[in-house]
Amino acid sequence: MADLSLNGLSKHYGDFYAVREVSLTIADGEFLVLLGPSGCGKTTTLRMVAGFIEPSAGHVRLAGQDVTLLPPWKRNAGMVFQSYALFPHMTVAQNVAFGLEMRKLPRADIERRVEEALALVRLSGYGGRLPRQLSGGQQQRVALARALAIRPDVLLLDEPLSNLDAKLRQEVRVEIRELQRQLGLTTVMVTHDQEEALTMADRLVVMNEGAVRQVGSQRDLYERPADRFVAGFVGRTTFLAGTVEAPGRFRSDGGLALACAGGLPGRAVLSLRPERVEIGLQPRSGLDNALSGTVEFVSYLGALIDIHVRLSPSDRLVVQIANREGGFTPEVGQPVHVGWPVSAGQVFNE
Amino acid sequence: MIALIRRRARRWALNGAATVALAYILLPLIFVVWLAFFRQEIPSFPPEGYSLRWFAAILDQRKFVNGFSISFQVAALAMVVGLLFGVPAALCLVRYNFKLRGPLANLLLMPIIVPGVVLGTSMYVFQVEVENGLDMDVIGTFYALVAGHVVIVIPWVVRLVTASLSGVDRATEEAAQNLGANQWVTFWRITLPAIRPGIVAGALFGFVTSFGNLEMSLFLVGPGRTTLPIVILQYLEWKIDPTIAAVSVVQILLIGIAMLITDHYVKLARVV
Numbered sequence: 001m002a003d004l005s006l007n008g009l010s011k012h013y014g015d016f017y018a019v020r021e022v023s024l025t026i027a028d029g030e031f032l033v034l035l036g037p038s039g040c041g042k043t044t045t046l047r048m049v050a051g052f053i054e055p056s057a058g059h060v061r062l063a064g065q066d067v068t069l070l071p072p073w074k075r076n077a078g079m080v081f082q083s084y085a086l087f088p089h090m091t092v093a094q095n096v097a098f099g100l101e102m103r104k105l106p107r108a109d110i111e112r113r114v115e116e117a118l119a120l121v122r123l124s125g126y127g128g129r130l131p132r133q134l135s136g137g138q139q140q141r142v143a144l145a146r147a148l149a150i151r152p153d154v155l156l157l158d159e160p161l162s163n164l165d166a167k168l169r170q171e172v173r174v175e176i177r178e179l180q181r182q183l184g185l186t187t188v189m190v191t192h193d194q195e196e197a198l199t200m201a202d203r204l205v206v207m208n209e210g211a212v213r214q215v216g217s218q219r220d221l222y223e224r225p226a227d228r229f230v231a232g233f234v235g236r237t238t239f240l241a242g243t244v245e246a247p248g249r250f251r252s253d254g255g256l257a258l259a260c261a262g263g264l265p266g267r268a269v270l271s272l273r274p275e276r277v278e279i280g281l282q283p284r285s286g287l288d289n290a291l292s293g294t295v296e297f298v299s300y301l302g303a304l305i306d307i308h309v310r311l312s313p314s315d316r317l318v319v320q321i322a323n324r325e326g327g328f329t330p331e332v333g334q335p336v337h338v339g340w341p342v343s344a345g346q347v348f349n350e
Numbered sequence: 001m002i003a004l005i006r007r008r009a010r011r012w013a014l015n016g017a018a019t020v021a022l023a024y025i026l027l028p029l030i031f032v033v034w035l036a037f038f039r040q041e042i043p044s045f046p047p048e049g050y051s052l053r054w055f056a057a058i059l060d061q062r063k064f065v066n067g068f069s070i071s072f073q074v075a076a077l078a079m080v081v082g083l084l085f086g087v088p089a090a091l092c093l094v095r096y097n098f099k100l101r102g103p104l105a106n107l108l109l110m111p112i113i114v115p116g117v118v119l120g121t122s123m124y125v126f127q128v129e130v131e132n133g134l135d136m137d138v139i140g141t142f143y144a145l146v147a148g149h150v151v152i153v154i155p156w157v158v159r160l161v162t163a164s165l166s167g168v169d170r171a172t173e174e175a176a177q178n179l180g181a182n183q184w185v186t187f188w189r190i191t192l193p194a195i196r197p198g199i200v201a202g203a204l205f206g207f208v209t210s211f212g213n214l215e216m217s218l219f220l221v222g223p224g225r226t227t228l229p230i231v232i233l234q235y236l237e238w239k240i241d242p243t244i245a246a247v248s249v250v251q252i253l254l255i256g257i258a259m260l261i262t263d264h265y266v267k268l269a270r271v272v
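Here the protein sequences line up with chains S and G, keeping their order.
Going by this note's numbering, the first sequence opens with residue 1, and the numbers climb by one from there.
Going by this note's numbering, the second sequence opens with residue 1, and the numbers climb by one from there.
Don't read these hints as lab results, they were simulated from the structure.
Positions of the beta carbon are idealized from the N, C-alpha and C atoms, including for glycine.
Hints may be right or wrong, so weigh each one.
What the hints assert, rightly or not - To be clear about the criterion: a stretch of chain S counts as covered by chain G if any three or more of its residues have a C-beta under 8 Å from a C-beta of chain G, and this derived list gives those stretches:
no.	segment
1	97-106
2	209-218
What the hints assert, rightly or not - Residues from chain S that face chain G, not an exhaustive set, calculated with beta carbons under 7 Å:
no.	residue
3	81
4	83
5	85
6	183
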């Protein structure tokens, strides 16, 4: 195991930048997740680390060695592909043994390590099967075993869970994470699924339009998003459009005068997390902002209830409350009071 | 009720058309096979009796045995050379995007479309020019004949290998490289096994096309190096006894066996 660092990594096709100036350091044993919408450059970044795409600029260092110009087969990186990419004409054992054969290990060592790798993913005894005889989840585990068998310096996961059904995905998340911790694997995973990213990562990198927008822990990204994109992409939020009149004073397009934290005078959006807003039938007291509105839409999610509240003709707010015994039960059309402290909102200038 | 009748009628029409088409293809074959066992020399119906004498007659006539041998050698060699050109060509066409890809793909498939006589004439003229230019024997040599046949083998190889290549998951090749295989090892261990059905089918069809080719070979054969289809044609100019039918039966059997063996290893229906 070893650390990985990307330094000013870029890839452009003509004028189009798929990845722009990405610099990251991934510590030994760290689980880093690249998160972003499709086309944000996260997969291109991962493929540059694997060596499938040659960077236009920048460097990749793996285990202390500059591997930027090395072909994929000379880098000790184990990759799990979105489609698993198992070799269809080889048995499970032959698939797992492939990387070890390439490393010219003695036959006995190969057999032992194939057994170990299969045991690690709980597929002992499946060595003789062909990939097409396995379920999707099993194929995924073979792909993982195959990548682990070579004892890679870094494990690269390209949307590894996207082809599994929702139930299985939750199990596999935990399984991969535990395995990664137990083996102390330096891991980079690419995903567009924020829940997946939040549950698995030590540290997250949010990307958009080829560039890194923010790097940090789950809490950093959620509580202190660097910009409007990150605020909208990680977790849910309501954006109220308006103008900052003076630092601390926000006026929405619907005419609401709101207290906010900081902000530079000019056009801006106020981002409010749905669960930080209080709601009730009585006016809210002791909060920086207290407003009244009408319930317009309610979605019942089981443990949580989403309430859409109309504050003015052009301002609508989503409030999320826990579904508690004897708690507030909103009804459409009901007049309600909402409120929040300044700390619940964040202003992003445009 | 009416819908049911209509559906039945439609199915009857389809089955009827299929039967007619199948009969159209199979009847000549059935007659040839039947004829091969007639006892009399001049084919006439009903047969006067049955015998195997015409099969024995094939072996008595050196020209059939020689023709078969030449055809087999030419087809086998043309098939091998055709694979050496066709497989890399198919790889290029599928894997690389270059300016002349479209025209090149059409060019490689052209020999199937161009009439055999036109192909034969142009090949002949070309070989005359080469012979004049190089000042060495070209026309009528065994290798010139093979060279001509390579041209008609390539389209089959390119066509079928291209088809099976587009079904290969590129990620499997990347996975191999990720695990430490360089491009060559990746090709041998991953790509080649994946496109094997296309290669085998292309080779088989190329072989059969070459083996049965008449029009182009007419222009290219030299004295004493006549291929089987030409021997048959020449024989038919003088005689119409069932020897020809017997020769055809042998040919049908051989090709049929080749297809059965091939089908055992790769399901032809899946590639073609």
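So which hints don't hold here, by number, going up?
2 and 6
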